[in-house]
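For the protein sequence lines, the chains are E and F, in the order given. Here the first sequence stands for residues 0 to 495, where the numbers follow numbering that gives the first Met the number 0. Here the second sequence stands for residues 0 to 495, where the numbers follow numbering that gives the first Met the number 0.
Among these hints, one or two may not hold up.
Chain copies aren't distinguished; within one or between two, either way the pair holds.
BS3-like, lysine-lysine: derived pairs with alpha carbons at most 25 Å apart [as the list claims (entries may be wrong)]: (1) K3 - K421; (2) K475 - K340; (3) K403 - K421; (4) K341 - K401; (5) K494 - K171; (6) K387 - K367; (7) K57 - K426; (8) K426 - K340; (9) K477 - K337; (10) K477 - K403; (11) K208 - K230; (12) K494 - K475; (13) K464 - K475; (14) K156 - K171; (15) K246 - K230; (16) K340 - K284; (17) K337 - K387.
Everything labelled a hint here was simulated from the structure, so no lab data went into it.
There are 2 protein chains.
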Amino acid sequence: MENKLYVYNSKTGKKELFEPINPGHVGMYVCGPTVYNEVHLGNVRTFVSFDIIYRYLKYLGYKVRYVRNITDVGHLTESGEDKVLKRAKLEQLEPMELVQKYTNMFHEMMSIFNTLNPDIEPRATGHLIEQMEMVQEILDNGYAYEQNGSVYFDTLKFNKDYKSYGKLSGRKIDELFTETRDNLKNQDEKRHASDFAIWMKASDEHIMKWNSPWSVGFPGWHLECSVMSTKYLGETFDIHGGGNDLKFPHHENEIAQNIGARGVEPVKYWLHSNMLLMNGRKMSKSDGNTISPYELFTGNSEHVSKGYSPMAVRFFMLQSHYRSTLDLTDQAMQAAEKGYKKLMDAAQVVENMQYPGNNNNTTDIDEKILTILSAMENDMNDDFNTPKALADTFELVNYINKLKDGHLNFKEISIDTFNKIKDTFLKFIYEVFGFRKETAGEDNAMFEGMIELLISIRNEARANKDWATSDLIRDKLKELGIQLKDGKDGTGWSKI
Amino acid sequence: MENKLYVYNSKTGKKELFEPINPGHVGMYVCGPTVYNEVHLGNVRTFVSFDIIYRYLKYLGYKVRYVRNITDVGHLTESGEDKVLKRAKLEQLEPMELVQKYTNMFHEMMSIFNTLNPDIEPRATGHLIEQMEMVQEILDNGYAYEQNGSVYFDTLKFNKDYKSYGKLSGRKIDELFTETRDNLKNQDEKRHASDFAIWMKASDEHIMKWNSPWSVGFPGWHLECSVMSTKYLGETFDIHGGGNDLKFPHHENEIAQNIGARGVEPVKYWLHSNMLLMNGRKMSKSDGNTISPYELFTGNSEHVSKGYSPMAVRFFMLQSHYRSTLDLTDQAMQAAEKGYKKLMDAAQVVENMQYPGNNNNTTDIDEKILTILSAMENDMNDDFNTPKALADTFELVNYINKLKDGHLNFKEISIDTFNKIKDTFLKFIYEVFGFRKETAGEDNAMFEGMIELLISIRNEARANKDWATSDLIRDKLKELGIQLKDGKDGTGWSKI
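Bound conformation, chain E alone (with noise of 0.2 Å):
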């Protein structure tokens, strides 16, 4: 690899070179969440694959522009509703109160999982001009019709120029375009079963719609990631991500709209990051099969014996790669939990270990050590392979632990590769990998250790009748605020 990185593009189905379109700087836009309802945890596996490959980016010394979105309208169901308005009406609030609790509620859950904020995160209601200027472009170029103050992408017109709806998720266009009763139900207004709305007129009781050329109506969706993508990143941009299932529709109409409104593809690389399963089935509420990411943390559901923190989740998501699918099942969080502890133990080892002396002879085991470090940018550089990356990340984790027991001598390797282990380790596992100290356990931890110590101590010295050390415990301890209980079943404890 020298180093360099490689990305698998959806686009071309192929791993690329990563040549970015301005040299030492990154453009990349993700779909964010519709935010109507609590983020679902494929979803955070998504966000989380993307955080990884924003942190790499960084790591590699890229300056990037990293642009997330918030969809807060006009994203439909499939009946026709949109999901934000539906959803609204249910908790009988105002649309823009619901997508203030869920935009909240989604911050919260990426700051659990540790993800970065994105330098950008614009809305969906923030961009409605553009948004109509983009509808004009596309109108003006020919490749929309108005109907009834609604506005249709022509797809029959924009396959016929420019040969390419459908690529990027491989659709065949014949099927695309095949008019089938099904598919042509309630679309009355379309020319085409495959033409999707870009403007849509809002029935009178529609609560979020704005004034329009066309009508008082709403966006399509499709269209806000076509405009504020290129709005923030120009108009064609290194790399674009979101999960497989936004393949189709989504994108493939999102480069329809911008190839339609500019002529020019908008995006170099695509990234997609696939499914989360449960127990080797898709999750699904309608069956049972499905877990929310707070479920998880505290252990409350059927599917797990036990709550998991947000950082064992995040190192299980690691373990597989973006673009595999990863299946989520109790013996592989425990693996997780386990694995995880030991990584930051061995952290937590290197941060407070010294080399003696000064010695910079090498030997076969610094080779072999500098080959573990190179190994973990190979792999990163291989399209993001964070399962491997955190595999050698054990390796190395082998030689802390050795140097910690003295089953390996500092003499038997350089100062220099010993730093080198520090730098590479620790960057890796906080600034690449993004795993955080959830230092409240272990506290909890020696907290309690300590105190059911001193009881022991207490109860051998009234034991031995050594009345002064008892009391002096029971007193100190209260003093401190916590309050022994002497009862049948031993000694017990409070916080006053």
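Mind docking chain F on chain E? Use the hints.
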């Protein structure tokens, strides 16, 4: 007061009985931050003040819709530059990157101070269409005129018809309308010095601009609040809040715009919070008399002798009425820190206290306590008088501590009174005053106290040549991840 809420209305200069437009519901709009730099402590005071108001209205049982905006465009400096653009240039960021950065930091600071999220947090850039529509309405009604692509509000014409311009801020109309050489500087497009822009034509190099019927430009800063408040709260709503410094011109112009567009007064009660001073003087960067929230937390400032926790600062802010100036001094902060600790210690005591038995006979003391409990509500009902209500809670703290120490016997108060203390006291502390347990500090003190205790027991054991105990403590602590280090000056410790 008889349990009725009175609020001081800046518009009338009187305390008025609070009667919301829709019984049971309150609509409240508060001017939020311009997100071009870190939020100042003075702004924090404003947002904490309205947080208390929001919380108390909810405590009273109102269903409140609290709207607080984010200004991300159009707020100009005195020399006429857009604040966001000016700073974006300095930081070499795209304006929306800057907006994202400081919006995130603002949210973080609000969370540190434990303020509740508003129900809707609309952005100026998210409401451009609505702002253009209001410009058009004002033009249609004859209260604005266009000049070279910009649109100005005609204050003279407005005042001739409505005779109310300047009323909120108490400015003398004559002074406002006097055309001095100074106030006409660079204002050659305006008919009168007191007129203000509601739409501004943008120069070529201006980045944040949009197509409009008058020019490619951007809205005047005052317009967004007129638009977003009435969009989400109705053409006339209950409460409009903000800092005193916003009365003129911002709020005065808001009123003019709303009346100019729709003919109705937008706000029933105008509430304004007062300034935060330091050492008796206005905070000001230019003369060094300033402190940032983080400097106050860490103590990293010449103006304080040590750091103070966010909740101690919140306590300090509540010790003054929101309409009074508040003077930050190191001495006042030390007192606030002590007061806060005393209050939260009492909360801890009450939470764990159980009333023994079932006595329901009342005494004089019951009566005294019930009077205090009423006073807490009465004082808050008197225009949210937090310093008085806080003082009331400290009278309860005295009773609580007497019960704890046995200086007051539970038999001297009834179980009903006890339950009322417990209920109201805790509700005021957590829900109304919005304090949060700062456990990290307390837990640390316990943690360190226990280690010190174990070290002193070990020293005693070593003096007695009780090696078993001494080794047990050292080994057990190591197992927990705490390393003891014996040295000349005694025994230290560190986490491994």
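| said: With identical chains, the pair K426 and K340 could be close in the same copy or across copies; at 25 Å between alpha carbons, which is it: within, between, both, or neither? | reply: Result: close within a single copy only, 17 Å intra versus 40 Å inter.
| From the Cα coordinates, with 25 Å as the cut-off, is the pair K208 and K230 best called within, between, both, or neither? | both (22 Å within a copy, 12 Å between copies)
| request: If the cutoff is 25 Å on CA atoms, where do K464 and K475 land: within, between, both or neither? Let me know, please. | output: Classified as both: same-chain Cα gap 18 Å, cross-chain 23 Å, threshold 25 Å.
| request: Check K494 against K475 for me: Cα-Cα at most 25 Å, and say if that holds within a copy, between copies, both or neither. | output: Both: 13 Å inside a chain and 22 Å across chains, each within 25 Å.
| request: Please work out whether the CA atoms of K156 and K171 approach to 25 Å or closer within one copy, between two copies, in both situations, or in neither? | output: within (16 Å within a copy, 65 Å between copies)
| field | Up to 25 Å CA-CA - K401 versus K341, copy category | value | within (13 Å within a copy, 51 Å between copies)
| field | Status of K230 relative to K246 across identical chains (alpha carbons, at most 25 Å) | value | Classified as within; 21 Å inside a copy, 36 Å across copies.
| Taking 25 Å as the upper bound on the Cα-Cα distance, should K477 and K337 be classified as within, between, both, or neither? | between (36 Å within a copy, 21 Å between copies)
| When no copy is specified for K387 and K367, does a C-alpha distance of 25 Å or less occur within a copy, between copies, both, or neither? | Result: close within a single copy only, 17 Å intra versus 71 Å inter.
| task | Could you figure out if K403 and K421 sit no more than 25 Å apart (CA to CA) within one copy, between two copies, both or neither? | result | within (13 Å within a copy, 53 Å between copies)
| field | Homomeric proximity label, K3 with K421: Cα distance no greater than 25 Å | value | within (23 Å within a copy, 65 Å between copies)
| query | How would you label the pair K337, K387 (within, between, both, or neither) given a Cα cut-off of 25 Å? | reply | Within one copy only: 18 Å inside a chain, 54 Å across chains, cut-off 25 Å.
Hints 5 and 16 from the list above are not met by this structure, while the remaining hints are.
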